[in-house]
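Each chain is listed here by its residues.
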Amino acid sequence: MIAGSRRAARLQRIGFWALGWVGLGVAMLVWQVIAVVDHSPLIPTFTSTAIALWHLLTSSFVTGNLVPSMIRLVIGFVVSAVIGIVIGLFTGYYRAVREWTTAVFDFARSLPTPLLIPVALVLFGLGGTMVVVIIASAAIWPVLINTSNATAALEPTLVDTARCLGLRGPALLAKVILPAVSPKIFAGLRVAISVSLAVLVVAEILGGSSGIGYFISSAQQSFQITNSYAGVLVLCLLGWIADSVFLFVERRLLVWQRGIVGGGHG
Amino acid sequence: MIGGVAVAVGLWEVASVTNLVSSTALASVNATAAAIVEHAGALSSAAGQTLEAWAVGLFIATVAGVLVGTLVGRSRIADAFTETLVRMMRPLPSLALIPIAILIAGLGLKMTAGLVAFTSFWPIFINTRYGVDQVENLLLETATTLGLRRTALVRKVVLPAAAPLIASGFQVAVSLALSVTVAVELVGGTGGIGSYVLAAQQANVVANMYAGIVVGGILGWVLNTGFAALFRRLLPWANRREGSA
Amino acid sequence: MVDPVLEFRHVGVTLTGRDGSINEVSSDVSLTLAPREFVSIVGPSGAGKTTLLRTAAGLRRPTTGEVLFQGRPLTDVQNGISVVFQEYNKSLFPWLSIFKNVAMGARRLAPAERAAHVRAALESVALSGFESRYPWELSGGMQQRAALARALVSDPKVLMLDEPFASVDALTRGLLEDVVGDLWERSSFASLLVTHDVGEAVYLSDRVLVLSARPSRILAEVEIDLPRPRSQGSTRQLKRFVELEAQVLELVLQAGRSVAGESASA
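Residue numbers (this note's numbering), protein chains in the order written: chain G, 5 to 270; chain R, 687 to 931; chain F, 1217 to 1482.
Please keep in mind that the hints were generated in silico from the structure rather than gathered at the bench.
Among the hints, a few may not be true.
Said to hold, decoys possible - Cut-off 27 angstroms, straight-line C-alpha distance, at most; resulting in silico cross-link-like pairs (DSS-like, lysine-lysine): (1) F/LYS1316 with F/LYS1306; (2) F/LYS1455 with G/LYS179; (3) F/LYS1306 with G/LYS188; (4) F/LYS1306 with G/LYS179; (5) G/LYS188 with F/LYS1316; (6) F/LYS1306 with F/LYS1373; (7) F/LYS1373 with F/LYS1455; (8) F/LYS1373 with G/LYS188.
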C-alpha cells in the first residue's frame, strides 16, 4: 500500500521532470518555426545555431574565450563571496556598525553597476582585471546584504545557548553563527552567480579583448549572426550548469535544513 | 546613519586629495558637486531618458509576469512544463542579448525597453508563480465556502495572499531594470545616464563622469527606497510572515 | 551553614532600549542557592524572571549589586553553570545531530572521554538510540530531554532552567518534571528554576521565591516541606501539597494584580 503510493509519487515526479524537458523542446521548435517562416538573416534557425555551437565548442573559442571568461567569473565570484560574507557577518553582529553603514551600503547597492565600467576602464585598462573588479563589485551586494540581515536576525536564544556552552570569539563564529546563517548566505550566493554572469558580459563587451561577451559582440559586428546566437547559448548552458552545481552543493551542505522548511520547493 | 555617509564622503575626499587614486580616475567631491550643478540640465534630461526606458520596460514585464505567473502557478502541469525552460532562462544574462537586440530592433527606446522587459519579467514571473502556488489551501477552501469562484477567487484571495512575494520580485526587478537600461545605454550609446558617463570618460572629463555616476546612484536609491516604502504602506500584512517565523 | 554555590546580593537590572528608554527590571533581589538545593522563582508575567536568570547565568551583568558563584563575583558565563531554555527548537543547533548537540556541552572534556560521557548523558534522559537523529526529527519532549542532556553532560554545579516545560503539552510536562526531579536526586547539582507554573515550582523545589511586579524584588519565600522522593501520582495528592500550592498561588496573584493595574494604564 505505502510502497505502491510511494512508487506512484516517484512516477509522477519523473513525469513532471520529463514534462520540463518537453517544454524546453517545444520552445526550441517554436524558435525553429519562427526562423524558417520569417526567413530573416537576423534570426538564424535553431538547428544552424546548434551546429555553430558545436563548432565553437570544438574550436579555439574554448581556450581563447570560454576559459578566460570562466576564470574571471570564478575569481570575481569568490572575491565577492569572501568579502561579502566577512563584512556581512560584521555589520550583522554589531548593531552600531550596521547603523553607520546602512545608508552608504543602500546607496552603493542601488547604484547600477554597469555605470562603474568606465571608471574601471580608466583605472585598470582593457582586459581581465577590470572585468573581475566589475564582477566583484556587483556580486558582493546580494551576499553582503543577506549575510548581514540573517546575522542581525539571529535567534538570541541560540547565541545565549552557545555562550553558556563556553563558545566565544572565533569558535562561536565558526560553530554557531556561520552554520545558522548559512541558508541565507547560500541564497545570496545563488543570486550573486547570475549577477556575476550578467555583468561579466557587459564588461567584456565594453572593455574585453577576449571572453564570451567580447566574442558575441565582435561576431555581431562582423555579421556572423549565427555565432552571436551560439555565444548566447554558451552562456545559457554556463548559467544552467553553475546553478545546478550550486543547488547540488547546497543540498548536500544543508541537509539539516530540509526538515525545518518542510520538503523545500523546486 | 548620517555619520556613516559623512565618513564615506570624507574617505572619498581623502582618496582624491592625497592622490591615492590618480586624478585621471577620481574627481574630488567638490569638482563632482560643481559638475552636477553646472550640467544639471544635461544630467536631468539624461536621467529622464533612462527613466523612460526603465518605466516602459518594467511596466510590460510586470503585466506579463503577474499574468503568466498566475496562470502557471495555478496549474501543476503548466508549472512542470515551464520548469526546465525557466531554469535555463533565469540565469541567462540577458545583457548578452544586447548585440542581437541592437540588430533586430535597432538603437532606440523600443530595443532598450524590450530588453528591460525581457530581463525584469523573470523575477516577477518566478515570484508570482511561487507565491500563487504557496497560497494556503485552508485560505482557498474558506474563500470557496464564502462563494468566491474563478476570477473573483484569484483577484480577491490568491493575488492578495501572493502579493508580498510578488512585491519582492518586483523590487528585484526595479534595480535589475535600471542596471539593464544603463548597460544598454553604455553599449549602444542610445542616450541616458549610461551614455553620459561613457561620453565623459571618452572625453577625459573625470568630474562629469562622477557626476553621472552619482546621479545614477541617486536615481537607483530613490527608486529602491521609494518602492520599498510604498509596499510597506500598501501591504501591511507582508511583514507578518517574517515576524512570526 | 554551608557556603551558597550561587548568591545574589542586592541585584538590580536596568535595561536600556534602542531608543534610549530606561526600563528597571528588578530593583533589589537577594537570594542564595545552597549546593544540591532546588529553588524556584515564580512571579507574574513581565516580572523579569528571564532577565534574572540570564543574570544568574552570567549572560548579562547586574546594573547594581553583585552575583557570586562559588564565592567569586560572576562576570561572564562560567564553567559549572548550565542553562536549559524554554524554546528547545531554538536552543538545539538544527544543523547538528543529537549526539553532536550534546557533545557541544562536553567540549571541555578530553576528546577520548567525550563520547562515553555523551552516551551516558543521553542514556540518563532515555535517548539512547537517537544519537544520529536531527533535532527536528524528534518530538518536543525528546528535544527538551536532549537539551537537558547537553546541559548536564559537563557535570555542572548549577543547572538553570528557564520555563523549560512551557512549550510542551501537559502530559509531556509531567514526564519531563519527573526526569528533572530524578536526575537532581541522583546527581549533585543545585538547580534554579524560573517558571510561571506554581504547581510545578512547588512539586520540584525545596524553596519557592515569589517575585513582585516590575521593578521586581523577592516578595516572599515559601519553604516546601514535602517528603522526597516525590512522584506525580502521590505527591500532588498530598494535603500539604495543595495547601502550599494555594499559598504560593495567592502570593503570585497578589503580585500580578499590582502589575495589571499598572499595565492597564500604560
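Earlier hints that do not hold, by number
Numbers 2, 7 and 8 - these are the hints that the structure violates, sorted from lowest upward.
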